[in-house]
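Asks: Protein chains in written order, with the working numbering: chain A, 24 to 263; chain D, 544 to 759.
Please keep in mind that the hints were generated in silico from the structure rather than gathered at the bench. The reader is advised that the hints may include incorrect statements.
[Stated by the list, open to error] Quick list of in silico lysine-lysine cross-link-like pairs, DSSO-like style, CA-CA up to 30 Å:
no., chain 1, residue 1, chain 2, residue 2
1, A, 31, D, 705
2, A, 90, D, 654
3, D, 754, D, 688
4, D, 625, A, 90
Here are the chains, one letter per residue:
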Amino acid sequence: MKCRRVEKLIPLYVERDLESGIADRISSHLDWCGRCNWLADEYRESQSWLRSSAAPEFDAAALNAFKAGVLSRIAETSAKPSLIANLLQHLNRRQVLALSTAVLVVLGMVVLYVYQMRAKLGGPTPQIVESSPGIESGPAGIDEKPIQANSDKRRDSPKRRVYRGIRNSRTALARRRAAQTDGRDRATVARASLPTLNSNGFSATPAMLRIEIQTSDPNIRIIWFAPKETDSHQIKPATD
Amino acid sequence: MPSEVADIALMTDTLGLRNSSSKPAALSSSSLVERAMAGDPAAFEELIDCHQRKVLSTAWRMLGNREDAHDAAQEVFLRVHKYLGGFRSHEDFAAWLYRIIVNVCRDHARKRGPRHQFASFESEREDGTFETLASGEDVEANAIKAQQRALIEQALDTLTTKERAAIVLRDLEGLSTEEVARALGSSQTTVRTQISSARAKIKQYRDRVLKRTRRG
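Using the sequences and the hints, build the whole thing.
Replies: This is the structure in structure tokens:
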């Protein structure tokens, strides 16, 4: 063992805080190394010096006063019951039971209310809007599929949300570019193709039936076109 | 020095920390604890009688002055009273008590902020009745002792709170490394590191004092 390592371990060695194997190796090192041996002696003296400070002594009167102080503080603490304990003192068993039931009912209602609110706010349920869409259906070549609420709920992981955001922004950009290159006035197109919607979000043009659904994500709007004559069960998304 | 070491061993024996000779003390202590847990106020008073010296001296060594030690020791017994119901009777009461002492002293040290100057045992003795001189002791010898104690307190003051707690429990209270680790809620390796560093710092301080004395 080298002196450097021994020097680090000597503070523990002098008080037998080391495992026997390491302590034996240090002992054999100290047998031949005068410098480390001297250091070990120094540490032993230092430890003796530290221990020379005996524990403070306390006389009986001081200890009695201390004990009285502790007991009086304990009495003070136990004399001051908590608010709940104070309340319970004035109520009998039945009242306590009724009170706790009422508290449980109120808590349950609060939990239900919070749960419902969260379901309302957090759910990506698509909703049908009556506002004018502003953007026409995407140009050919851009694949836009209607978003299903249930599958979204299941797969609404943070990674997926980020991916969807990127996809939506790309789609919107592509739409804008397409509209610019077409040279069409989007507002005109919207006006031409979209008369006022009825309360169900359905609008009727002479040729087509248009259904517009706004999802909770403002970037996603689902627009379906269907021939007016077809039955409502056979409505299919427009591919054009 | 050997007599002081023996004193420390005796003190830890009364707390039930040594296995060989402390069985009767431990047994009586455990029955006392059980009675106190059952709500016997006399048993709790006895418990205070048994442990107050130890609690006071440990707190004093950890905090370095009488007022803080007194407050901390009171707080220790208040916590013992409060949480005694949660104490498991098969556990070691002394170890549990040491844990409380360490936690309370840590809280006090944190509350008071930067460590203030240590008051020596001698000055404590002068301004209070907490500690008394044994009658018939030589005044000069006492003065030397008091000076040495003050130096030791200053040496302890150079340590961090954790190092101080470790060295007080290990070297001054005579607990084993394992017991210290349990009391401090650390691993034995951490405790050994703290103890090693503390011993080195104390030696350095002592060396400086000796150098100064030789020059002077």
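Asks: Look at each hint and say if it fits the structure.
Replies: We went through each hint and held it up to the structure:
A distance of roughly 20 Å separates the Cα atoms of residue 31 of chain A and residue 705 of chain D; the hinted pair therefore holds under the 30 Å criterion. Taking the CA atoms of residue 90 of chain A and residue 654 of chain D, the gap is near 24 Å; set against the 30 Å cutoff, the hint holds. Note on residue 754 of chain D and residue 688 of chain D: the hinted pairing holds, with a Cα-Cα distance of about 19 Å set against a maximum of 30 Å. For the given pair, residue 625 of chain D sits about 16 Å from residue 90 of chain A by alpha-carbon distance, which is consistent with the 30 Å threshold.
Checked against the numbered hints above, the structure breaks none of them.
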